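Dock chain B against chain A, hints included.
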Amino acid sequence: MQKSLIHSGLCLLSCGAIALAGCATAKLKSPDPAIRRNALIEAAKKGDNTNLLHKALEDENDLVRRTAVRLLVDKGLDAEEELIGLLDDRDPLIRRSVLNTLCLLKGKELSLNILETALHDEDPSVRLQAMSALVAVKPIDARRTQIIQAHIPKEKNQAIISLGSSALWPFHRDVVLLKDRPDWDHEVRVVSEFPLPKEGWKFKTDPKGEGHFPKFKWYAANLNDQDWKPIEIEKIWETDDFKYDGIAWYRRTIKAPAKPEKFNAAELHFDSVDECAWVWLNGIYVGEHNLGTVGWTIPFNLDVTKEIKWGEDNQITIRVLDTSGAGGIYKPVTLQILE
Amino acid sequence: MKNTLITVALSLLTAASLTAQEQLVEYTGDALKAPNVMACWQFKPGSELKDSAGRAPDLKLQGKSSFVKDGKFGGALKCLGSGPTDDKLQGVQIMNPKLFAPKTSFSIDMWINPDEIAATTGTGSYFLIDKKLYFYAREFEKANWDYGAWLTRRQNKFTVTFSLGFKDHSTFLTSRPFDLPAGEWHHFAFAYDAQGSARIFMDGEALATAYYPDHGPVANGTYILTIGDRVGSTHNSFPGLISQVRFCSPQADEYKGKPLFTTNSGRTVFYRFEKDNIITLKLFNDTTEDLTDIQIEYNGLALPEASVALLKSHESCEVKVPLDLTLKPGSYSFPAKALYIQNGKPVEIKGICEYDLIPRENIFMPVVMWGTADSEPLKKIGFTHDLRGMGNCRASWESEEIVDLTKTNSVQGTYDLLNKRMKEGIHVCLTTRPGPNLSRMFLDDLSLHRINRNGKPANTDNLDACNPKVLAYGYRFGKSITQAFGRFPIFDAALIHSEVRDNTALSFHDFEVEAAEKAIGAKIPEQAISKGGVPYTVLPAFPPSHIIPNDDLILKYYSWFWKDGDGWNPLHSAVNHGLKDGLKPTGRTDFWTFFDPAVRVPSLWGSGGDVDYLSQWTYSYPDAIKIGQATDELFAMAEGRPNQKVMKMTQIIWYRSGTAPIEKMPADESKRVQWERDIPDAKFITIAPDHLSIALWSMIARPVKGIMYHGWGSLMPNIGGTSYKHTNDATKYRLAKLVHEVIQPLGPMLLNVPDHKTDVAILESFASQMYMQCGSSGWSNSWEADMHLILQWAGYQPRVIYDETIRKNGLGDYKVLVMPNCGVLTQDVYDEIKAFQARGGIIVSDERLCPALVPDVIIPIFKREPEQAKENKEALQAISKKLREQLAPFYHAPFKTSNEDLVARLRKFNSTDYLFVINDKRTYGNYVGQYRKVMEDGLPNEGTVTLARKQGVVYDLTTSKQVNATIGNDGISIETALGPGDGKLYLVTASPIAKVTAKVPQKASRGTDFNVTLNVVGGNGRNMDAVIPLAVTIKDPSGNVAEFSGYHAAVNGKLTLTLNVAPNDMSGIWTLEAKELASGLTTLAQIPVF
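Chains A and B, in that order, are what the protein sequence lines are. Under our numbering, the residues of the first sequence are numbered 1419 to 1757, in order. Under our numbering, the residues of the second sequence are numbered 8 to 1097, in order.
Heads up, some of the hints might be wrong.
Below, a list of computed lysine-lysine pairs in the DSBU-like style, where the Cα atoms sit at most 30 Å apart [to be verified]:
id: 1; chain 1: A; residue 1: Lys1463; chain 2: B; residue 2: Lys815
id: 2; chain 1: B; residue 1: Lys525; chain 2: A; residue 2: Lys1597
id: 3; chain 1: B; residue 1: Lys870; chain 2: A; residue 2: Lys1445
id: 4; chain 1: B; residue 1: Lys870; chain 2: A; residue 2: Lys1749
id: 5; chain 1: A; residue 1: Lys1463; chain 2: B; residue 2: Lys764
id: 6; chain 1: B; residue 1: Lys463; chain 2: A; residue 2: Lys1749
id: 7; chain 1: B; residue 1: Lys671; chain 2: A; residue 2: Lys1749
id: 8; chain 1: B; residue 1: Lys888; chain 2: A; residue 2: Lys1473
id: 9; chain 1: B; residue 1: Lys671; chain 2: A; residue 2: Lys1680
id: 10; chain 1: A; residue 1: Lys1447; chain 2: B; residue 2: Lys888
id: 11; chain 1: B; residue 1: Lys51; chain 2: B; residue 2: Lys105
id: 12; chain 1: B; residue 1: Lys822; chain 2: A; residue 2: Lys1445
Source of the hints: derived by calculation from the structure; they are not laboratory data. Being a predicted model, the structure only gives us computed values, none of them experimental.
This is chain B alone, in the form it adopts within the complex:
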C-alpha cells in the first residue's frame, strides 16, 4: 500500500499561494547564494555551461542541442525533439551521477517554451529532466532510482508527470491536462519533501500534489542528471527552449506544503432539477503539522457539520453544499471561507465557489465520434459523444477490490473534463477495455492467455477471458469507474470492449476444459482445433444429407465456445454489470453500454453479453448500401437478448488497399490526383462524401438507436499522430449537413418508429459456418453480404435470421427464405424449413444448399473481380432484376422502385409508413475511381417509388412538404428525384395532417411545473396515428430561447412538455412556437408567467 495516494491537487487556494508566484523571477544575488541552491543554470551567453550559483561542475552539451540568446532571462538551452529516425541524446548533462542525487527533500524549477513541434504535433512524451531512465513501472532496482519529469501531449493538451524512485518501486504523479501553446514561457517546479509529499507547480500555482505514506528520501542511483532529454535508451528530448533551471536541496520554501482550500472540486456543472445538487468544499492539510478549529463557511454560513476540531497532516475535511437547481440556466457563485489554527495562529483562506446550471436536455439520437476529439469541432459537425478513457484500475487487479479512483492523481483532470463537457453539451462515452489492458500488462502470464491442446500459447494477443479471475476483475473495473465518475450525467455511455474476438482461439486450460465438458456433457471433440469449426469434408461419417442431429457434439462445443466459452461475452457482461452497479447510489438509469464490432463472429446469439447496444463498424466500399447488411446482422444478433438494441457505425476511414492501392499509384507525380501528391503514403484515406451519405441513410432506414463514426484524423484536417489522413475535405461538410438537417430534426422521431415486419428472411446459418467455414463474420464482403445486396437492389427488405431465430420464432412470418451458403443444417432447423416449404414458402439459395432441400431458385455464387466495381455492381443488379422477375408472380413486396439504384426500405408505426429511398446511382469519380475499385461519385437519379397501400397522404420529411402521389392498382406512387448520394424519407399517413395545436395554461407561476401539450391533428379531427417530428421554440419575454427548445417527436400525434420557469427568470409573456416537420404547419401560443 506504499503507493496509496491521499489526495491530489486542484485549482487551489492556499493561505500563502502568492509566494510561489513571487519566485517567478530571474534568480540573482542572494537568491543564488542560499545554502539550499545546489545549482542554477541560466545558460547566459558566454557562460552557458556554468552554474550561476557556482557550486556545480560544468554541464556537457549533447547532440544537436544548442544555446540561444532569447531565453526567459537572456539565455536558453534549445533542443530539437527526437523521433525514431533521430534517436540521439540531446540536452545537457552533469556527468557525475553522485551529484544531484538528493538525500533529503529537493525541488527543481525551470522555465520552458515549447516550439511548434512540441505544441501541435504528435502524441508523445518530452523529458524536461531525468535521472531515472525508467519512466514506467518495473520491479527491479535500477528502474527505481532518483527522479524524472516529463510532459506528455495528448489530444492537444499536455500533462506533466513527476516520477520518484524508491528502490523497489516508483511513484508517478501526473497532473491534470493543461494548455501549453507554442512560443509561450511557462514555469514548472517539481518538489519532493522526502517525507512522502510530491508536488508539481505551474506558473507558481499548485498543479498536482500527492502524499505517499511511509515514503522517505528517494533512492540514489547511477544515472546522470540530464536536462532536456531522457538520460538513455530511446530519447525523447523536449522540442523547445529551457531557461533558468534551479536545483535546491532541501527544497525551496515556496514549494513546501500548505493547507489547500478547494472550492471547485468534483462537479461544478448541473442540469436544472437534477437530484444530485451537491458541490463540495474541501480543506486539505498538505503540511506536516496538525490544524485545529477548522471552520468552513459558505455564503457567510457556518454550519455545524462544517466544523472540525482537528485536521491531521495529509488529511482533508469537506463540506457538501446543496445548490438550488431550480434557478434559470447560468453561472452562479458564492463566497466560501476556510478558517483554522496553524501553529497557534488563526488563518483564513477565502475563495469563491463557482458553478453552472444548464438546461435539461431534449431526447436526441446519439451521434458518436468513436474516438477522441475537441468539443468545438465535434459540436460543429453535430456529434453528441466522443470516447474517453477514465482511470487506471490496475490496482483493482492486484488488490482484488474495488478501487477508489477519486483518490488517484488523475481524478481532477477527469472532473475538469466532465464539467467542461457538460457545459459544452458533448457527452462522454467511456472506453474501458479491461481485457486487452490485462493482456498487455501480463504478457508472460500463461494463465491469462489462451493455450492449445499441447499447453502452448495459442494466441498471445488475446486475453483468456474465460479465466474466472478475469471475470471478477471485469466487474470491479466497471464498478470502480462509475463509482468515481457516475455523478456526472454527461458521462452516460461506455464501450465495453472492441475487436477482441477477431483473435480469439480455442483454449484448453483446465478451467476451460472443465467448463466445456460440463456444458456439452462430453469430452471436447478431438476434431476441434480451430475456432472456425471443422470442415465436414474431413469427417468420414458426415451425413450425406448434411442434416445433423440437434445434439451434434461438435456443434454443441462450438456453440458453447462462441457463446460463453471464450470468455469474452461473460466478461462484457461482468464489466457492464459493474458499471451499472457502480451507478446505483446515483439512481441513474440513463447509462448505456455497447460492444463492437458485435457481429465479427459466427452467427450465434450472445455476442456482447449483456450490453445495452450492439454496434458494428463497416467500411462503405465498394457498395455503401452494404452498411444495411451489417446492421441487419446486428438486429439478428440482438434478438438473442431481451431489450438489447442496435447502434451502427460507418467508418470515416477507407483502407487505401481497398480503394486506391498505393502500389498502383502512378510513379509520375503529375499523373496523381491532388491528395496523392499531398499525402502519397497515406494508409487510410477519407470516405467519399456520397458514400458517407448513402451509408447514413442505410443506417437510419433501420431502427437503430444511434449512429457512430470512427476516424477523426480522416474527417478533420491537421490531426497529427495518426495514420488516418484527411484526403477529402467535402466529407466533413456533408456529414455536418446530414446530422444537422436529418439526424437532429428527425432523430427523436426515428427513435420511436419500429421496423416494418418483413416477410423476406435471409438465413445466416451457424451450423453451416462451423462445418463449411463460410459466413460474413461482420465484414460485409462475403457471398452472404452480396446476396443481401442482391435482395436490396431487387427491392426486397431482407431480415437476417439465425438458426436460433428459426428455433425460437419458426418461419411463420416469412414468404421467402434466402439461404446463401446454407450447406449444413440441424434437424430442427431443417424441419422448420420443410414445414415452411409445405406452406408454400419460397427458398432462394445457391449451389451450396444442403442436399436435403430442393430450392425454388438457385443463384450461383458470384465472385467479384477485384478492380471492376462497376461490372460487379451491374452483375449483381442483373441478378436482382432476374430474381424479381422470377418471383414476381409469387411474391409481392410492400414497395417497388422504378430502377435498382433507388433503394427503398420501410419502417412502420401503426397505420403510418416511413418509406426511405436512397439514391445508389454511382460512377467512378476522380478521387479514387481511377483505380476501378470503388464508384465513389453519386449521380442524380429519379424515378417512381410505389408503396403497396390503397390510400394515404405522402409527406417528404426532408423538405417538410406534402408531395403529390398517384394511386393505382399497385398502390401509391411517388415521383422522386434525388441528388448524388442523397436519401429521402416519405411519411405516408392514412389521413392528412390538418393542424398543429398547442394547449398551454392560461397563466403560469415561476418556480412551478406546468404542462404544455402539442397535438398534431389529422383531417379526421383526431391526433395523427403517427410519430411526427416537431421543432419547438420556447422564448422568454425578451426573446431568449429557453429550455426544451429544439426537436421533439409527437408520438401518436401528441407531445407533452413539463416546463418550469425559474423563480429568478423573467415574468411576462412567454411564447411557444411549434412546427411539425411533415407538412410544415405551425402553431404559436403565449403563456403569461407571473
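Isolated chain A (complex conformation):
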C-alpha cells in the first residue's frame, strides 16, 4: 500500500515535471525574449531541461542563447559533447565561455587540437583563453611549445603575445644573494658602491617580444647597437618621448672598478624598474625581477660576482616590460661590493 502511494506520488511529480516542461516549451515560443529566458531558468530549477536548452540554442536572441549555454555549462561533463559542439558557435562569448568551461573541466586532458583551433579564433578573448590554457600546464611539452611558437608571430594582441612569450622564456637563473645564502650567517655590509652612469645608454623597443630570440640575441655582449636610440636611465622612458607600453631593451658598456682586495659578493642593485626586468652581464643571464605590475616600486638585487670583469669594460643589457603608464629604469642602478 505504502509502495503504491509512493509510486503514485512519483507519477504525479513526473506528470508535474512534464507539465512544467510543456509549459516551459510554450514559453520558449513567446515573442518576449525575457519570458523565453525566464522559462529556461525556471526549468533549470525544476529538473531536466536538456531539450529546452537545445531548443534555446537556436533562439534569435543572444542573451537567451547565452543563458542556455550557461545552464549547459552547469551540467559539467554531462554536457561535454554539446559544449564541444558549441566551440564554433557564431557568438564569440559562447565560444569563449565554452572553451573556458572545457579547460576547467578537462584540464590538461583537453585536446590540444581544440586549443590550437581556438588560437585561430577571430575573437581575441577566445584566443587569450586558449593561450592561457596552453601555458597553464607545466612543464610545457614540445607539442604545446610548437603551437605557441607558431602562433606568436601571427598574433596582434599584446596580452596574448606576452602570455605566450613568458611561458616560453628560455632563460633561467636561480638568484641567491649573499644575505640569503644558507651558509652565510654574517652581517652583510655594503663596503662600496658604484652608481652606473645615467647617460650613455642605448634603447630599443621590442613590441613583438622577439629580442631574445636566437636570431636577434639583443643581450649578446658584442651586439652592434649603433642604430639604437640614446636614452638616460633614472627617468621614465616617456620623458625621452618613447610613448610606449611593452617590452624594451637598454644596453650600455660600463667600466668596472678594480677588483677589491676583500669582498664576498658583487651585486647589481636596482632601486626600481617600472615594472619587470631581465638582466644580462657580458652576455650572461644574471636574473630577473618579475613580480608583475606590483613590482615597479620594489628595489631588487642580482648577484654578478662571477660574471663581472674587474677593472674592465662590462656590457650590461636590461630587458624591461612595462604594461601600462610610465615605464623604464627610472631609479638608479648601482654596483654594490659586499662584505
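Relative to chain A, chain B alone:
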C-alpha cells in the same frame, strides 16, 4: 619643562599702557644719551652708518641694500627681499659678534614699512633682526644663541616671531596675526627681561608676551648682528624700509612688564540661546612683584569669586561672566575694572568688555573650501567652511600627555580667528594631519617609518602609523585641540588626514609582524612584497577557475593590511575619538570629521576608520560625470561602517598635463590662447565652468551630505604663493551661481532625500585587485571607471558594491551585476553570484571575468586614446547604446532619456521621486580643447526624460514651477531643455501641491518660545509625502529680517520652527512669509508680539 609658557598677550589693558605709545617718536637729545641705549641707528642722510648714540662702531651695508631719505624720521635702510634666485645677504651688520650680545635684559625697537612684495605676495619669512641664524629648533649649541625676530606672511596676514637662544634650546614667541599693509609705517619692539619674560609690542601695544620659568639671560654666540636680513645660510631680507633701530640693555623701561587686564580673551561671539554663555575677564601679573587685594568688577558688580588676596608674579586670575544670550542679535558691552595693590599703591585698570550675539543657524549643506581663504570672497561664492590648522601638539608627543593649547603663544590668534569667523558665518574645519607631521619631525627614527623584510626603510615619506605610540599620540592630538577650541561652535569639523595611503607600504617591524600573524593565524605569506598584492601569474598552484578559498592566506593578509595593518585607519579613528572626547565637556554633538581621498585604496571596507564622513577629490577631465563614479565608490566604502556618510569634492584645479600639456603649447606666442600667454608655465589651471557645473550636479544627484572644492588659487585671481593658477575667470561666477541658486535653496531638502534603491550593481572586487592588480583606486580613470561611465550613459543607475557588500547583503536587490576586471573571486562571493544567476540575474563583464562564470554580456576592455576625448566618449557611448539595446528585453531601468548626453539619476523619498538630469553634451572649446584631451565646452541639449511611474505631477525645482508631462506606456515623460553644462532636478509627486499654510500663535510674548508650523498640502488635503524646499522670511515690525529666515526643508510636507522674540526686540506685528520652491506657492502670516 623649561619652555612652558605661562600666558600670552592679547588685546590688553595695562595700568600704564600709554608709556610705550609715547615712545613712538624720533629719539633725540637725552633719549639717545640714556645709559642703557647701546645704539640707535637712524640712517640719516650723510651719516647712514653711524650710531646716533655714538657708542657702536659703524655699520656695514650689505648686498643690494641701500639707504633712502624717505624714512620715518628722514632716513631709512632699504632691502629688496630675497628669493631662490637672489639668495644674497642684504641689510646692515655690526661685524663684531661680541657686540650686542646682551648679558642682561635688552630691548630692540624699530620702525618698518613693507613694500608691495612683502605685503601682497608669497608665503615666507622676512628677517627684521638676527643674531641667531637658526629660526627653528635644533638641539646643538650653535643653534641656540642670542636672538632674532622675523615676520611671517600667511594668508594675507602677518605674524611676528621673537626667538631667544639659551644654549641648549631656544624659545619662539609668535604673535597672533595682524595686518601690515604696504607703504605704512609701524613700530615693533622686542624685549627680554633676562628673567624669563619675552614681549613683543606693535605700535606701542603689547602684541604677545610669554614667560619661560627658570630662564636667565640669553646665551651669547658668535653670529654678528644683522638688521634687515638673516645673518647667514639662505637669506630672507625684509622687502621694505627700516627706520630708527634702537638697542637698549638693560631693556627700555616702557617694555617692562605690567599687570595686564584682558576683557576680550576667549570667546566673544555667541549664538542666541547657546549653553556656553561665559565670557572671561582676566588679570595677568606680568611683573616680577606680587599684587594684592585684587578685585575684578563688571557692570559695577564685585562678586566674591572675583576677589583674590594675592596674585604672584606671572600668575593670572580670572572671572567668568555669564551673558544673557536671550537678547536679540547685536553687539553688546559692559564696563569692567581690575583693582589691585602694587607696591603698596592702589591701582585701577578700566576696560570695556564687548561681545556679539548672532542668530542661530539654519540647517545647511556644507560647501567646504578645502584650503584656506579670506572670509569675504568665501562668503561671496557661498562657501560655508574653510580649512585651518590649530595649535602645535608636538609637546604631546614628547610628554605623552594631553597638552593645554590655551597656554601656547598662538592661542589668542586662534581665538581671534574663531570669533571673527563666527561673526562672519564661515565655519572652520580643522586640518589635523598628525601622522605626516610626525613623519616629518622624526625623519631619522626608523621605528616611525616603514621597513621592508630586510629591515631597510620601505618608504620614508610614509609614517608607520601602526606603531602603538603613534596611535596613542593621535588620540592625544585630537583631544588637545578640541579641549582648547571646542568651545567655539563655528569650529565644527576636522579633516583627519589626507592622501596618506598613496605612499603606504608593507612593513615588517616586530609589532607589525606580530599583529599580522595574530590576525591571519599564520606567518605572513612570503609572496607578500608589494602593497598591491600578488599577481596570480606568479603563483604556480593558483586555481584555474580563479575561485579561491574564503580563507585564502594571501588575501587574508592583504585584507588585514589594508583594513588595519598599515595603521592609518586605526590612527584616523584615534584622532577622531580624541577630537570627540575633547568636546565632551561642551556637550556638543554637531562636530564632524572626515578623511580623504578615502577610496584611493583597494575596494575594502574600513578606509578612514571611524570618521563621520568619507570624501574623495576627483579631477573632472575628461568626462565630468565621472565624479559620480568616485562618489558611488565612497558610498560602497561607507557601507562598511554604521552611520558613516559621504561628502564629495571636485578639484578646482586641472593638471596641465591632463588637459593642455605644456610641452604641446605652441612655441609661437601668437598662436597661444590668452591664458597661455599670461601664465605660460602654469602647472595647474582652472577647471572649465561647464565641467564644474556637470560635476556639481553629479555630486548632488547622489545623497552626499556636503560638497567640497580645492584649489583657491585657481578659483580666484591674484592669489600668490601657489602653483594653482587662475586661468578661467568664469568658473568662480559659475560656482557662486550654482551655490546660491541650487545648493543653498535646495540643500536642506537634499540632506533629507535618500537614494533610489537601484537594481544595477557594479562590483569592484578586492580579491581581483589583489591578484590581478586592477581597480580604480579612486582615480576614476581606470577601466572600472569607464565601465561606470558606460552605465551612466546607458541610462542605468549603477551602485558600486564590494566583495564585502555581497557577503553582507547578498545580491537579492539586483537584476544586473556588472563585473569589470573581476578575474578572481572568493568562493563565497562566487556562490552568491551563481545563485544570483540562477535567479535570472544578468552578468555584464569583460574578457577578464573569472573563468568559472559564464556572463550574459561581455564588453571588451576599452583603451582610451590619449588625445581623442571626443572619439573616446563616442566609443564609450556607442557601447552604452549597444548594451542598452541588448538588455532592453530583460531589464527595465526606472528612467530613460532620449539621448546619451542627458544623464539622469534618481533619488526617492517615500512616494516622491527626485529625478536629476545633467546635460553632458560637450565639444572642444578654445580654452583647452585645442589639445583634444578634454571637451570642456558644454552645448545646449534637449530631449525627453521618461520616468517609469504610472502617474505623478512634475515640478522643476530649479525654476520652482510645475512642468508639463505626458503619461504613456513607458511612464511619465518630460520634455527638457538644458543649457551648456546645466542640470535640472524634477520633483515628481503623487498628488499636486495645493497650498502652503502657516500655523502661528494668535499672539506671542517676547522672551518666550513659540512654534510656527508650515505645511505643504497636496490636492488630497494631506501634507505632501515629500521633502519640499522652502524659503522662509521672518520680519520684525520694522521690516528687519529676523532669525531663522532663509532656506529650510518641509519633511513630509511639514516644517516647525521654534521662535523666540528677544525681550529687547520689537513688539508689534511680526510677519512670516514662506514660499515652497516646487511650484512657487506662498503663504503669509502675522504674529502679534507683545
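Each hint, compared with the structure:
A threshold of 30 Å between alpha carbons decides the hint, and for A:Lys1463 with B:Lys815 the separation of about 25 Å falls inside it, so the pair holds. For the suggested pair B:Lys525 and A:Lys1597, the alpha carbons sit about 28 Å apart, so the restraint of at most 30 Å is met. The suggested pairing of B:Lys870 with A:Lys1445 is violated, with an alpha-carbon distance near 41 Å, which exceeds 30 Å. Annotation: proposed proximity of B:Lys870 to A:Lys1749 holds, straight-line Cα distance about 28 Å (limit 30 Å).
Distance hint between A:Lys1463 and B:Lys764 is fulfilled; the C-alpha atoms sit about 28 Å from each other, no more than 30 Å. Pair hint B:Lys463 plus A:Lys1749 holds up; C-alpha atoms about 17 Å apart against a cutoff of 30 Å. The hinted pair formed by B:Lys671 and A:Lys1749 meets the criterion: a straight-line CA distance of about 26 Å does not exceed 30 Å. Taking the CA atoms of B:Lys888 and A:Lys1473, the gap is near 29 Å; set against the 30 Å cutoff, the hint holds.
A C-alpha spacing of about 53 Å is found between B:Lys671 and A:Lys1680, which places the hinted pair above 30 Å, so the restraint is violated. Between the alpha carbons of A:Lys1447 and B:Lys888 the distance comes to roughly 27 Å, so the proposed pair stays at or under 30 Å and holds. Proposed proximity of B:Lys51 and B:Lys105 is supported: the alpha carbons are some 25 Å apart, at most 30 Å. For a cut-off of 30 Å, the pair hint linking B:Lys822 to A:Lys1445 stands: about 21 Å separates their Cα positions.
In this structure, the earlier hints numbered 3 and 9 are contradicted, and the remaining ones agree with it.
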